[in-house]
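Protein chains: 2
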Amino acid sequence: MEQKLEQLKTILAEITDLGGAVALLGWDQQTYMPPGGAEARGNQLGTLQRLIHERQTSAAMGKLLEELKPHAAALDPDSDDARLVKVVSRDYDIATRVPAEWVVEFAQVTTMAQQAWIEARTKSEFSIFRPHLEKIVELGQRYVSFFPPADHPYDILLDIFEPGMKTADVKAIFDALRPRQVELIKAIAAKPQVDDSFLHQAFDEKKQWDFGVEVITKFGYDWKCGRQDKAPHPFTNGGSRSDVRITTRVNPNFLNSMIFGTMHECGHALYGQGTASKLDRTSLDGGASLAVHESQSRMWENLVGRSLPFWDHFYPRLQETFPSQLGSVPLEKFYKGINKVQPSLIRVEADEATYNLHIMLRLEIEIAMVEGKLAVKDLPEVWNSKMEEYLGVVPPDDARGVLQDIHWSGGMMGYFSTYALGNLISAQLWEVIGRDIPDLTDQIRAGKFEALLGWLREKVHRHGRKFEPQELVQKVTGSKIDPAPYLRYLKEKFGQIYGL
Amino acid sequence: MEQKLEQLKTILAEITDLGGAVALLGWDQQTYMPPGGAEARGNQLGTLQRLIHERQTSAAMGKLLEELKPHAAALDPDSDDARLVKVVSRDYDIATRVPAEWVVEFAQVTTMAQQAWIEARTKSEFSIFRPHLEKIVELGQRYVSFFPPADHPYDILLDIFEPGMKTADVKAIFDALRPRQVELIKAIAAKPQVDDSFLHQAFDEKKQWDFGVEVITKFGYDWKCGRQDKAPHPFTNGGSRSDVRITTRVNPNFLNSMIFGTMHECGHALYGQGTASKLDRTSLDGGASLAVHESQSRMWENLVGRSLPFWDHFYPRLQETFPSQLGSVPLEKFYKGINKVQPSLIRVEADEATYNLHIMLRLEIEIAMVEGKLAVKDLPEVWNSKMEEYLGVVPPDDARGVLQDIHWSGGMMGYFSTYALGNLISAQLWEVIGRDIPDLTDQIRAGKFEALLGWLREKVHRHGRKFEPQELVQKVTGSKIDPAPYLRYLKEKFGQIYGL
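So the sequences go chain by chain: A and B.
All residue numbers in the first sequence are consecutive under my numbering, ending with 512.
All residue numbers in the second sequence are consecutive under my numbering, ending with 512.
There could be a bad hint or two in this list.
Because identical chains share one entry, a pair is satisfied inside a single copy or across any pair of copies.
Using 16 Å as the maximum straight-line C-alpha spacing, the simulated EDC-like pairs for lysine to aspartate or glutamate come out as follows [unchecked claim]: (1) LYS21 to ASP103; (2) LYS290 to GLU51; (3) LYS236 to GLU51; (4) LYS236 to GLU131; (5) LYS348 to ASP324; (6) LYS492 to ASP181; (7) LYS242 to GLU217; (8) LYS345 to GLU78; (9) LYS505 to GLU195.
Honestly, the hints are just simulated from the structure, not real lab data.
Just chain A, with the same shape it has in the complex (with noise of 0.2 Å):
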């Protein structure tokens, strides 16, 4: 049996030296490929991905893992070797219903969309990405047809990014959140507004960089293996653990972007650096799922990034930095100023209280046009009709509004409501450090993350894939995703800087 796991162990290191061409192919096409080589990349991409997938779907692979299994069940079911089979034939299972010219035309038709999207979202005009995004849609569509019936034909596609999880649980905890959260927005509203004006000026493009990489380099991210660039659309890549890459933007007017993009991509960046070394080139290398990724990235962007000892320690650093715009602003005010909540526009630049609407719109939507019941050509004026009636704001162009997100443009369907999940998470592992780390807020207060990314490493990052995302929160929090521990966190953190 040791042997058969070998031979899977040699399919999967090909698979994963492919993923992480693939990986790097995507990176490149997101910051430094010229507009040209979209159509080569699309045809690399293509065929990089239908060999992956002729792996993934074998005989050869098929045969492996059926004579795997009784060997699996009789260790450890805690065992690396025992959740490597458990999640190969997960993947194998998926990948076999969904046919190799899927996958071609899935890469195919993503890479011209997504230089449709830069030239769209630049332009402000839709029409530039409709064609592609209905493509997208169709396809989507295709690929639940793949798949027995589900509860939800959504079912299909949220699990590609967050296994086990259901349309039903998902809406469920969001019913829950909705009022909870419109009842907090609704009470900050009666308050009087803190000011933010002070981020709204212009700040040198490079010190702020600077600044940025001062601030993750103390989180503890590892510029031996990766590096930051600037991307239209941050997002962070890892093409293995040795090579985690973030992106960034900087908005030469206005501090939030910069600030807090880089430490959420950190986050991200921080879990992918942090597998054992052990899974490398297993299928077991990579994150338990997105909701999971967005806890980590959650946690380092707001539970740290936006707390008051945090900004104790860096506070100075940053007034040093922009002593003409910020010299005269006390912490205080700083702090309360980069918590404003308001409804706006641009979901990354949301603020806590806000966020999860955004998410809830998208879902909506995403639903929507799996469903069928609405058409790629309306969905400029439903976007804006559902930011009306949930936020209270219409974005003045589509490159503000509907074009602001490059999921879809990547084949993402599914993917946005991970986003809303991994605040939860965040914060119920967040309450778990606490009581882990009692001196916490010191540390922070002290410009000090070891402990912290110490504990995440232990808890988290270390197991990579080996465990589904409630079953790793169950056996790190003692309870399965929970919206309680965020809403008091939101209470609280708010509580204090509205007076509610």
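With chain A held as given, fit chain B onto it using these hints.
Coordinates of chain B only, in the frame set by chain A:
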């Protein structure tokens, strides 16, 4: 037969796609990859190269070629299809001799070697690079052993880069060149030296970069299908005709590195961007050989870029860019300065009269290493003593000696002589161009390069790999590779500059 040809093209498209991915992984490795990524990159490249090799050597490929050969024999021998079958058959014959294990090992060894070379060069410590180079020489010798004995073992390596060329041919050409070049250098040394001190001043890096961009934009470099980045050793990388990237380096205290390096790489890129689109995703996409490639880069760098008419146009712009450094240097003095003949340490910065001596030194060293007559450990000493013998200068450290070139770290043994052959071909083409475009000099003086680029596109670029190098040179110039035009060119140019 049409169907067989389509089958062949399907396989070639896949090989091309994998090759495009390899190209990007290689580009990234030399520009942006963090050092920690080296091992995973080695695995990725090893896997991709093995997959390419499997396809190049598959039984299906062999069978298709056997079936297509009689069909191809009935076609116009210069038709795309006939040539495609011929070129693919050659590739197949070579690839089937090389075991897959060698290909994987080569990819892994060279990936690690390139990282080691960067470190060794930075620290000027040959010992860091030595064990890697030993492996590479051994890999080269094993490669030779896979082929039937040739006139000389080095022929097998030369043939990788210069199809059909023999060690004896190169030696004969070099034997004809050496005394004439040495004679010229001696005649120059007897004359008063020209002044180039003004080139060794502080030149703002950003302004240098921008000037280089301005020049190659006028040359016709298509930025939609390429980009320029910095790299420790400039190179051009074409993942596809529509994505041909160049790199350059900028020395803040010496103007030549950037200016001539940028034009050189642009010459390669114009060739890569100029292949006919009908050859996309086939084995005919690419250059005829390295020497032909080098004829393009050296032409734009030297025959264009170090000419008086070129600087008639660009020198006022350069003076505007660097008024304090060059404002008082007249054109004639500048022209002589950039063409100063003086034996020096760095090949890529060598003048046209001494350049080929750098190549001869490398050729002799490579041949001795392949023959097993020169141990890698003795390389720095042999390098330095040959430098003294041929050029009368001794490198003060290995960074400016044996570690200066990237080639060996990438496993490229047999490559260097193509630089000298490229010089010869460039002058042969130039004589024909001068007849076909009688007002070429006036056009260059007016900063116009469309006719020149158009001629190169028509006569050289669009053919891709259709013709073998000697065949192409014969076709365009009426004779095989011939040192006479280059010697005539050197004599006329330096006769004028040095008043010989």
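Verification of the hints:
1. LYS21 to ASP103: Within one copy only: 14 Å inside, 32 Å across.
2. LYS290 to GLU51: between (37 Å within a copy, 14 Å between copies)
3. LYS236 to GLU51: Intra 32 Å, inter 12 Å, cutoff 16 Å: inter-copy only.
4. LYS236 to GLU131: The answer is between: 14 Å across copies meets 16 Å, while 33 Å in one copy does not.
5. LYS348 to ASP324: within (13 Å within a copy, 62 Å between copies)
6. LYS492 to ASP181: For LYS492 and ASP181, only the intra-copy Cα distance (11 Å) is at most 16 Å; the inter-copy one is 75 Å.
7. LYS242 to GLU217: within (11 Å within a copy, 21 Å between copies)
8. LYS345 to GLU78: neither (62 Å within a copy, 79 Å between copies)
9. LYS505 to GLU195: Answer is within; shortest intra-copy Cα gap is 15 Å, inter-copy 84 Å.
Of the hints listed earlier, the one the structure fails to meet is number 8.
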